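Here the protein sequences come in this chain order: A and B. If you're matching positions, the first sequence starts at 1 in our numbering and goes up one per residue. If you're matching positions, the second sequence starts at 1 in our numbering and goes up one per residue.
Please keep in mind that the hints were generated in silico from the structure rather than gathered at the bench. From a predicted model like this one, the values you see are computed outputs, not experimental measurements. Be a bit skeptical, because a hint or two may be false.
Straight line, CA to CA, 25 Å or less: simulated DSS-like cross-link-like pairs of lysine-lysine [to be verified]:
#1 A:K44 with B:K49
#2 B:K49 with A:K31
#3 A:K114 with A:K44
#4 A:K47 with B:K49
#5 B:K10 with B:K107
#6 B:K114 with B:K128
#7 A:K129 with A:K31
#8 B:K49 with B:K10
#9 A:K44 with A:K153
Restraint ranges, calculated between C-beta atoms of paired labels, are given here [what the hints assert, rightly or not]:
#10 B:N91 with A:Y133: 41 to 47 Å
#11 B:N21 with A:M50: 40 to 46 Å
#12 B:A96 with A:H2: 46 to 52 Å
Ideal placement from N, C-alpha and C gives every residue a C-beta, glycine not left out.
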Amino acid sequence: KHKKLLLLLLETSSRDKMASTEVYSLYIINKSGGLIYQSDFSPKAVKLQMNDHLRLGGIFHGLYAITSSLSPTAGTCTGIQVLDSEGFRLRCFQTHTGIKFFMLASPAHPRLEKLLNQIYELYTDYVLKNPFYEIEQPIRCDLFDMQLRNLLKNK
Amino acid sequence: MLFNLYIYNKHGDCIYYTEWNRWRPCKSPEEEQRLMYGMLFSLRSFCQKASPAPVLAFQTYLTSRYKLHYFESGTSARFVLLTSPEIPDMNAQLRALYQHYADYCLKNPLYTPKAPIECELFTIHLQKLFAPYVR
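Let's have the full structure, built from the sequences with the hints guiding it.
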């Protein structure tokens, strides 16, 4: 039984390596749609100017709201949670306070939800608990950057 | 379960709309169709900017209550299908629908391209294509 588990683990880890799952970039948007954090974690991420990043963040904020209102069923609907395209996968997570974390990664990346939850924990620990940080303002906390890089290295 | 289907021509007019299981009433279908097109247009340009590899648009997106499947033909005819979240990718079905559109609408001498679709054969084949997924 242990041998089977080991074989399964080896298989899945090698499969992951073959599929080369990678995180490209992370965006954090505040309640009003302003970009408060953006970072690239792979050389494959699109290289854009700061203005373009701001624009992308704002566009996504609006799209999230519209997709939520376009729901054909009754009841509250969230906005886009997963977006699949040929070139990337986008996963978004909105907190109860209206902050959106969205991440661009390689197509069909399986662990984005877990990663986003971990990033939210890092946000609460190293950003919100930082006494010099003002809520809804751009994030400039070194510890947060460092912990993010540690977390997303080779993921 | 399928909710509804929109087909747009390249100018952004909705040339076909059908619904199967819609639970939220819509006050103005025209307004909703225009909103849907505008949203897809922005989302498409977002995907093109955000993607490392050059892409046309996206395949699907998922929310907590529905999944939207998108297919764009080479002539910019857009096929948009909204389903319940657990339905897997419907790209193949949308491609088949595009084939039906080409066969029963574009080859129909009484149909003017870019006008609202009123071809019976197209509707029949569309319902047959999606019948296994409706419930």
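Worksheet item: Between A96 (chain B) and H2 (chain A), is the Cβ distance one that fits in 46 to 52 Å?
Response: holds (47 Å)
Fill in: Agreement of K49 (chain B) and K31 (chain A) with the hint, judged by alpha carbon distance not exceeding 25 Å
holds (23 Å)
Worksheet item: Straight-line Cα separation of K44 (chain A) and K49 (chain B) no greater than 25 Å?
Response: holds (14 Å)
Discussion item. Run the distance test for K44 (chain A) versus K153 (chain A): straight-line Cα separation, threshold 25 Å.
Written reply: holds (14 Å)
Worksheet item: Given the proposed pairing of K114 (chain B) with K128 (chain B), does the C-alpha separation stay at or below 25 Å?
Response: holds (23 Å)
Worksheet item: Does the structure keep K129 (chain A) and K31 (chain A) at a Cα separation of 25 Å or less?
Response: Distance ~19 Å between K129 (chain A) and K31 (chain A) Cα, so the pair holds.
Practice prompt. Quickly compare the C-alpha distance for K47 (chain A) and K49 (chain B) to 25 Å and report which way the hint goes.
Written response: Given that 25 Å is the threshold and the Cα spacing comes to 10 Å, the pair holds.
Practice prompt. Would you mind confirming whether the straight-line C-alpha gap from K49 (chain B) to K10 (chain B) stays at or under 25 Å?
Written response: With a Cα-Cα distance of about 20 Å, the restraint between K49 (chain B) and K10 (chain B) holds, given a limit of 25 Å.
Worksheet item: Is 40 to 46 Å a correct range for the gap between the Cβ atoms of N21 (chain B) and M50 (chain A)?
Response: holds (45 Å)
Discussion item. 41 to 47 Å was suggested as the range; check whether the CB atoms of N91 (chain B) and Y133 (chain A) agree with it.
Written reply: Given range 41 to 47 Å: holds, Cβ gap about 44 Å.
Discussion item. K114 (chain A) and K44 (chain A) were given as a pair; does the straight-line alpha-carbon distance stay at or below 25 Å?
Written reply: holds (22 Å)
Worksheet item: Within a Cα-Cα threshold of 25 Å, do K10 (chain B) and K107 (chain B) meet the stated pairing?
Response: holds (18 Å)
Every hint from the earlier list agrees with this structure, and none is contradicted.
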